[in-house]
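S.K.: Sequence:
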Amino acid sequence: MFLADFIQYIRNEKRYSPHTVTAYEGDLQQFFQFLHPGEDLATKHPAEITYHDIRNWMVKQMDEGISPRSVNRKLATLRKYFKFLLQRGKVTANPTAKVTAPKVTKSLPVVVEADKMTALLDGRMDDGTAPIFSNDFAGLRDKMIIEMLFGTGMRLAELLGLKDGDIDTREKTIKVLGKRNKQRIIPLNTELLALIERYREVKKSEIFNNNSLTFIVTNKGAAAYPAFIYLTVQKYLSYISTQDKKSPHVLRHTFATSLLNKGADLNAIKELLGHANLSATQVYTHNSVERLKSIYKQAHPKA
Numbered sequence: 001m002f003l004a005d006f007i008q009y010i011r012n013e014k015r016y017s018p019h020t021v022t023a024y025e026g027d028l029q030q031f032f033q034f035l036h037p038g039e040d041l042a043t044k045h046p047a048e049i050t051y052h053d054i055r056n057w058m059v060k061q062m063d064e065g066i067s068p069r070s071v072n073r074k075l076a077t078l079r080k081y082f083k084f085l086l087q088r089g090k091v092t093a094n095p096t097a098k099v100t101a102p103k104v105t106k107s108l109p110v111v112v113e114a115d116k117m118t119a120l121l122d123g124r125m126d127d128g129t130a131p132i133f134s135n136d137f138a139g140l141r142d143k144m145i146i147e148m149l150f151g152t153g154m155r156l157a158e159l160l161g162l163k164d165g166d167i168d169t170r171e172k173t174i175k176v177l178g179k180r181n182k183q184r185i186i187p188l189n190t191e192l193l194a195l196i197e198r199y200r201e202v203k204k205s206e207i208f209n210n211n212s213l214t215f216i217v218t219n220k221g222a223a224a225y226p227a228f229i230y231l232t233v234q235k236y237l238s239y240i241s242t243q244d245k246k247s248p249h250v251l252r253h254t255f256a257t258s259l260l261n262k263g264a265d266l267n268a269i270k271e272l273l274g275h276a277n278l279s280a281t282q283v284y285t286h287n288s289v290e291r292l293k294s295i296y297k298q299a300h301p302k303a
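Quick note: the sequence shown uses my numbering, first residue 1, plus one each step.
In short, the hints are calculated from the structure, not lab data. Where hints are given, some of them may not hold.
Label-pair distances were calculated between CB atoms; the ranges are [claimed, not checked]:
1) Arg170 to Lys235: 16 to 22 Å
2) Leu86 to Gly123: 51 to 57 Å
3) Lys245 to Lys90: 38 to 44 Å
Cut-off 27 Å, straight-line C-alpha distance, at most; resulting in silico cross-link-like pairs (DSS-like, lysine-lysine) [said to hold, decoys possible]:
4) Lys90 to Lys80
5) Lys220 to Lys14
6) Lys220 to Lys103
7) Lys14 to Lys116
8) Lys182 to Lys220
9) Lys163 to Lys246
10) Lys270 to Lys245
11) Lys203 to Lys245
12) Lys179 to Lys83
13) Lys182 to Lys172
14) Lys245 to Lys235
15) Lys163 to Lys270
16) Lys163 to Lys179
17) Lys116 to Lys262
18) Lys245 to Lys262
Given the structure is predicted, the values throughout are model-derived calculations rather than measurements. For each residue, glycine too, the CB sits at the ideal point set by N, CA and C.
Working from the sequences, and respecting the hints, build out all of it.
M.R.: Okay, structure coming up:
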């Protein structure tokens, strides 16, 4: 009950991304199914939910091997849901108020090593053989995906929402619509700009059944979708890396870490990434510190 109202609220008023809205809805449905297995979700009133219900759900997830980080995310969904209900007078108390979130071990952002990233962008396999990208529209499009994610640091949802008109080749900038509908401008490097112009030409020459204004399209000309980008990134990162994580966000992390290692100002990186506050950006400084420690151990005679 009230789930549809909440989803409409975060979608239309809070302007959350489609991916976030889907995640929130899935978390809440999972919680309600835990409370009343197999019953109609719409008949359950939130006022019936207690602190113990939420705590038991969290314990069950931990017992099933769900990571503390994922449990925390689901708990955050419940907190926001009950805050929404309180504001609208649907409940008189927030059962999440007394719930303590499980401790999460802080982990460093996963990045691709600089030399491997260079090899990938040059179209070379990990063993030096070439080419990686096929010499057709699909190959050019795939290279565009990798180059765009690494060259701008944009999020998956931002890449999916990118339109042809958002790229200004004259000013060498790209307009990105980020979280909460916040707009930011990202500069384009010369190589990425040249690739964009080439991609546009080939894309225009293709005869698609569905001509989309979306910048990244499938082989049939339809707008790209999350799984399509994920599979593309995983495919090409597998050529040059054996690390477990091979997602679009890894390229975002690699973008930020590369800038920091080259001496970029942290506030500038914050603006490029579209972070709301500096604390979110500071996580990348830990990668740089670890890199300095490694260099010190290798180079200093007293290390």
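S.K.: Which numbered hints are broken by the structure, listed smallest first?
M.R.: 1, 5, 6, 7, 8 and 11
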